[in-house]
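Peer 1: The residues making up each chain are set out below.
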Amino acid sequence: MSKILEGLLYSETHEWVKVEGNIATVGVSDYAQESLGSVVYVEGFQDADVAQGEECGAIESVKAASDIMAPVSGKVIEVNNEVLDNPELINNDPYANWILKIEMSDEAELNNLLDATKYQSICK
Amino acid sequence: MEAKKTILYDRHLKYNAKMVEFGGFLMPIEYNYLSENGLSFEHMAVRCDCGLFDVSHMGEIYVSGKYTMKYLNYMITSNIEKAPCNRLTYGLFCMEDGCVVDDLMVYKYTDDYVLLVVNASNVDKDFEWLISHKGNFDVKIENKSASIGQIALQGPNAIKVLQNLTKFDLSSFSQMEFKEIEILNKKMLVSRSGYTGEDGFEIYGKNEDIIDLFDCLVEKYKVRLCGLGCRDTLRFEASMPLYGHEISDSIKPVEACLNYAIAYDKDFIGKDALLYTKEHLTRKLVGIELIDRGIARAGYELVDINTNEPIGFITTGYLIPNHTEALALGFVDIKYAKMNTIIGIKIRHNIVKAKIRDRKFMIKKYVK
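Protein sequences, first through last, are from chains A and B. For the first sequence, the positions run 1 to 124 when this note's numbering is used. For the second sequence, the positions run 1001 to 1368 when this note's numbering is used.
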């Protein structure tokens, strides 16, 4: 059973979002890291303008590459270098280790995301 | 068509394997039943200790009769007639244009009795190919894939483990030798071979005997189960080709550096095309090492680093356990095939810098 944290928002593509002001901190959920297996590579599109539901980074296990989808539109203002250098941190604790921060261009988009309870129902 | 199950399907579920469809079969990609799990641990188990694979999905086709040698030498690129008995020979079926129908291992029992072990995804195609080119060759061709189980025990300690289960002295086996011997008091076909770059054995038997052997190895000898995930990273690290990647119906074996498996001193289907291509090579399989961050995956485009013009493609690529650099195999235009040539790989929105290197990603430690 994968862990889901209360107080975060989630996308259907298994990213989590923590909102502080107009900054969205983004990571991947426990469900995502479990399905991926050992993470060996993480990338965030630094300085890119991204749209909700489109790629803003990538996360890869030995056997497969997956896109990280932007849960909100905006600009990627920071990428977590600690995670880039130590991708296994995602397996150790996917919620303590964020991947990138997006400066939101449309906060109303947050309404399209799921709360913990709703997210739980799609993690089956 | 619904995916088939191997005879060990229930065991894969019991040991909590992540299952995927491969070659028409539901196969384990990796297992989750020990305290430390996953592809990387399975990969390292084979390199440092021993690992057990279900490879029952592979196809077994028997060819027999007085004209077996003449027929197979016409069908297969390598020279089966000259090959010694009780020894494995690697070869390929090619089409007239030199592209590959499949690659295979040839178990030559005698001049008139041979087992061909072919890729799971190609069994039906291979069988039809063999039948349709039988012509006047008086041979019997039988597909026995469904009734034969196969496991592979791979790694430096494979011999120690297997020796517990047989009176036959396994150390008398040389690399690529095969024999029918008794294991757990059942007759099985055993070859000192594999698809991992390590010492090890491939074992064929009746379905029920293979299940018993599998259970014994896992339960009594605690051999780590290994899935197709690490089978691919291991064969990649050992730079062995996989059908659909380094060879295919649009790739010729001479381009994939498989000249050692082509005997030009005899007639076989595709020979003229291969001879021509050998003298007029336009692209070649190379090793690739990434300089910038990233992992090159199968299908990614290779480009000229200055002009961004396409020059080839990745066939397999990984960041594998015990390597700090991401590595890949790929085809490049012959102009770019020289060692240390800098090339670009299109990864998502970026062009990532890489260099051409040899394909020796590891040193193999086979017995002589």
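What the hints contain is simulated information worked out from the structure, not anything from laboratory work. Take these hints with a grain of salt, some might be off.
Think about it this way: if two alpha-carbon atoms lie no more than 30 Å apart in a straight line, the pair counts; the simulated BS3-like pairs of lysine-lysine are [as the list claims (entries may be wrong)]:
{"no.": "1", "chain 1": "B", "residue 1": "Lys1066", "chain 2": "B", "residue 2": "Lys1082"}
{"no.": "2", "chain 1": "A", "residue 1": "Lys3", "chain 2": "B", "residue 2": "Lys1140"}
{"no.": "3", "chain 1": "A", "residue 1": "Lys75", "chain 2": "B", "residue 2": "Lys1140"}
{"no.": "4", "chain 1": "A", "residue 1": "Lys101", "chain 2": "B", "residue 2": "Lys1082"}
{"no.": "5", "chain 1": "B", "residue 1": "Lys1140", "chain 2": "B", "residue 2": "Lys1005"}
If you anchor each label on the Cβ, the simulated ranges turn out as follows [unchecked claim]:
{"no.": "6", "chain 1": "B", "residue 1": "Val1020", "chain 2": "A", "residue 2": "Asn111", "range": "53 to 63 Å"}
{"no.": "7", "chain 1": "B", "residue 1": "Leu1013", "chain 2": "A", "residue 2": "Glu78", "range": "20 to 30 Å"}
{"no.": "8", "chain 1": "B", "residue 1": "Gly1299", "chain 2": "A", "residue 2": "Glu88", "range": "25 to 35 Å"}
{"no.": "9", "chain 1": "B", "residue 1": "Lys1186", "chain 2": "A", "residue 2": "Met1", "range": "40 to 50 Å"}
{"no.": "10", "chain 1": "B", "residue 1": "Ser1035", "chain 2": "A", "residue 2": "Gln46", "range": "50 to 60 Å"}
{"no.": "11", "chain 1": "B", "residue 1": "Gly1299", "chain 2": "A", "residue 2": "Glu20", "range": "38 to 48 Å"}
{"no.": "12", "chain 1": "A", "residue 1": "Asn92", "chain 2": "B", "residue 2": "Leu1013", "range": "57 to 67 Å"}
{"no.": "13", "chain 1": "A", "residue 1": "Ala96", "chain 2": "B", "residue 2": "Asp1010", "range": "21 to 31 Å"}
{"no.": "14", "chain 1": "A", "residue 1": "Ser35", "chain 2": "B", "residue 2": "Cys1257", "range": "48 to 58 Å"}
Small disclaimer: the values here were computed from a predicted structure and weren't measured. All C-beta atoms, glycine included, are put in the ideal place defined by N, C-alpha and C.
Peer 1: Against each hint, give a clear statement of whether it holds in the structure.
Peer 2: Status of each hint after checking the structure:
1. Lys1066/B with Lys1082/B: The hint holds at about 16 Å.
2. Lys3/A with Lys1140/B: Answer violated: Lys3/A to Lys1140/B is near 59 Å, above 30 Å.
3. Lys75/A with Lys1140/B: violated, 67 Å
4. Lys101/A with Lys1082/B: violated, 65 Å
5. Lys1140/B with Lys1005/B: holds, 28 Å
6. Val1020/B with Asn111/A: 53 to 63 Å: violated, 36 Å
7. Leu1013/B with Glu78/A: 20 to 30 Å: The hinted range 20 to 30 Å is violated for Leu1013/B and Glu78/A, with Cβ atoms some 43 Å apart.
8. Gly1299/B with Glu88/A: 25 to 35 Å: Holds, since Gly1299/B and Glu88/A (Cβ atoms, about 26 Å apart) stay within the stated range.
9. Lys1186/B with Met1/A: 40 to 50 Å: Given about 42 Å between the Cβ atoms, the range holds.
10. Ser1035/B with Gln46/A: 50 to 60 Å: violated, 37 Å
11. Gly1299/B with Glu20/A: 38 to 48 Å: This hint holds: roughly 39 Å between Cβ atoms.
12. Asn92/A with Leu1013/B: 57 to 67 Å: violated, 28 Å
13. Ala96/A with Asp1010/B: 21 to 31 Å: Hint violated: Cβ distance 39 Å, outside 21 to 31 Å.
14. Ser35/A with Cys1257/B: 48 to 58 Å: Violated: the Cβ-Cβ distance is about 36 Å, outside 48 to 58 Å.
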